[in-house]
Amino acid sequence: MKKLLLLITLLSTSAFATTIEVKVPGMVCQMCVQGMKKAFKKYVANADKDILVDLDTKIVTLTPNTEITDEQIKSGVKDAGYNADEINRKK
Amino acid sequence: MLRILALFIILCSGALKAHPVIYKDGWVYWGQFKPKMNNQKASYTFDPNFSIEANSLYLANIDEYRDYKIGINALVKRWLAEHSQANIYASAQAGYFHQRDDSDGSVLHGMLMADWESRHLYTAAAAMLLYFEDEYYPQYKYRFGFAPFVAGMDTLQAWLIFELSYFEKNNNQLEITPMMRFFYKNVLWEMGSSLKGELFLTLMVHY
Chain V
0 MKKLLLLITL LSTSAFATTI EVKVPGMVCQ MCVQGMKKAF KKYVANADKD
50 ILVDLDTKIV TLTPNTEITD EQIKSGVKDA GYNADEINRK K
Chain U
0 MLRILALFII LCSGALKAHP VIYKDGWVYW GQFKPKMNNQ KASYTFDPNF
50 SIEANSLYLA NIDEYRDYKI GINALVKRWL AEHSQANIYA SAQAGYFHQR
100 DDSDGSVLHG MLMADWESRH LYTAAAAMLL YFEDEYYPQY KYRFGFAPFV
150 AGMDTLQAWL IFELSYFEKN NNQLEITPMM RFFYKNVLWE MGSSLKGELF
200 LTLMVHY
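In order, the protein sequence lines correspond to chains V and U. Under numbering that gives the first Met the number 0, the residue at position 57 of the first sequence is numbered 56, and the numbers go up by one with no gaps. Under numbering that gives the first Met the number 0, the residue at position 139 of the second sequence is numbered 138, and the numbers go up by one with no gaps.
It should be emphasised that the hints constitute simulated quantities derived from the structure, not laboratory data. Just to be clear, a hint being listed does not mean it is correct.
[Unchecked claim] Straight-line alpha carbon distances no greater than 16 Å define the calculated EDC-like cross-link-like pairs of lysine to aspartate or glutamate that follow:
#1 V:Lys-57 - U:Glu-63
#2 V:Lys-40 - U:Asp-24
#3 V:Lys-22 - U:Asp-24
#4 U:Lys-184 - V:Asp-47
#5 U:Lys-184 - V:Glu-20
#6 U:Lys-76 - V:Asp-78
#7 V:Lys-77 - U:Asp-24
#8 V:Lys-48 - U:Glu-81
[Stated by the list, open to error] One-sided excerpt, in silico: chain V residues whose CB lies under 10 Å from chain U:
#9 Ile-19
#10 Val-23
#11 Val-27
#12 Gln-33
#13 Val-43
#14 Asn-45
#15 Asp-47
#16 Asp-55
#17 Gly-80
#18 Lys-90
[As the list claims (entries may be wrong)] Just so you have them, the derived chain U footprint on chain V, three or more residues with Cβ under 8 Å:
#19 48 to 54
#20 59 to 69
The model shown is predicted, which means the values in this text are computed figures rather than measured ones. Glycine included, C-beta positions come from ideal geometry on N, C-alpha and C.
Take the sequences, apply the hints, and build the full model.
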């Protein structure tokens with residue numbers, strides 16, 4: 000039983016220890032940055048550190064502290080006024 | 000003449016602000032301040048395509064003109080390219096005005112605006128129509144701007160912008176206004192002067 004609990008704990012931790020890169024074409028200004036922070040702040044511990052927006056590459060990098068599905072990511076990007084082109088998860 | 004001048008200022012004051020619709024659940028405070036005029040607005044974007052807005056305008060020189068309007072702004076269409084975006088916005092507002100001589104009444108305002116921007120260039124055009132005491136007053140504005148440098152996330156971005164404004168009721172006069180726009184995190188401000196020397200400050204905060 001203890002091993003099972005340990006396994007579940009490890010699996011759940013590793014599921015959140017993910018960096019997610021989202022390609023969002025068309026982001027050109029600081030307002031895009033604010034929109035992304037607003038959309039994803041509920042999924043991270045610190046919006047300033049865990050939500051990074053690169054206006055050159057058009058990539059939003061998220062380090063969530065909870066599980067977040069692709070659909071939630073797409074919905075968040077849409078709420079910010081944009082569309083998610085690609086979603087890449089990195090351990 | 001004074002009424003035409005007042006209408007011109009009214010139309011100029013609210014035109015071509017940055018995006019009338021921002022991100023979902025986003026709030027905007029926008030204020031423009033001139034020596035004898037101020038115009039302040041608050042809007043809430045309740046959907047990525049729509050916002051509601053309340054605003055107030057005060058003109059000291061025009062019989063202490065003051066109005067209060069509410070309305071809705073819509074993002075009609077957005078095109079997203081890799082390094083640029085283009086938008087069409089529409090706005091409709093209605094309200095009440097009052098002047099020192101106790102004249103008052105209703106005012107309606109409509110706007111259609113299109114813009115295109117990249118990280119280096121910005122351009123926008125708007126057509127506006129005011130309905131005021133049984134008369135229509137159209138006006139057209141155009142802006143072109145460029146960024147002398149490109150800033151990253153959460154760093155100061157500066158723009159140099161030229162604005163052309165045409166209002167046929169104002170003796171077909173074309174107004175040219177150069178200005179500087181700065182954008183840092185969620186705060187935007189513009190400072191400039193018309194070629195006639197009228198200084199102004201615009202402040203906008205998103206949150």
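Against the structure, the hints come out as follows:
1. V:Lys-57 - U:Glu-63: Violated - the C-alpha atoms of Glu-63 (chain U) and Lys-57 (chain V) are around 48 Å apart, more than 16 Å.
2. V:Lys-40 - U:Asp-24: Holds, because 13 Å separates the two Cα atoms, which is no more than 16 Å.
3. V:Lys-22 - U:Asp-24: 22 Å, violated
4. U:Lys-184 - V:Asp-47: 11 Å, holds
5. U:Lys-184 - V:Glu-20: 21 Å, violated
6. U:Lys-76 - V:Asp-78: Holds, at about 15 Å.
7. V:Lys-77 - U:Asp-24: 12 Å, holds
8. V:Lys-48 - U:Glu-81: 25 Å, violated
9. Ile-19: 17 Å, violated
10. Val-23: 8 Å, holds
11. Val-27: 5 Å, holds
12. Gln-33: 5 Å, holds
13. Val-43: 15 Å, violated
14. Asn-45: Because about 13 Å separates Asn-45 (chain V) from the closest Cβ in chain U, which is outside the 10 Å limit, the hint is violated.
15. Asp-47: Status holds, d = 8 Å.
16. Asp-55: Status holds, d = 8 Å.
17. Gly-80: 5 Å, holds
18. Lys-90: At about 24 Å, which exceeds the 10 Å cut-off, the nearest Cβ of chain U leaves the hint on Lys-90 (chain V) violated.
19. 48 to 54: Coverage by chain U holds for the region 48 to 54 of chain V (4 residues, Cβ < 8 Å).
20. 59 to 69: Check failed, 0 qualifying residues.
Hint check: violations occur at hints 1, 3, 5, 8, 9, 13, 14, 18 and 20; the rest are consistent with the structure.
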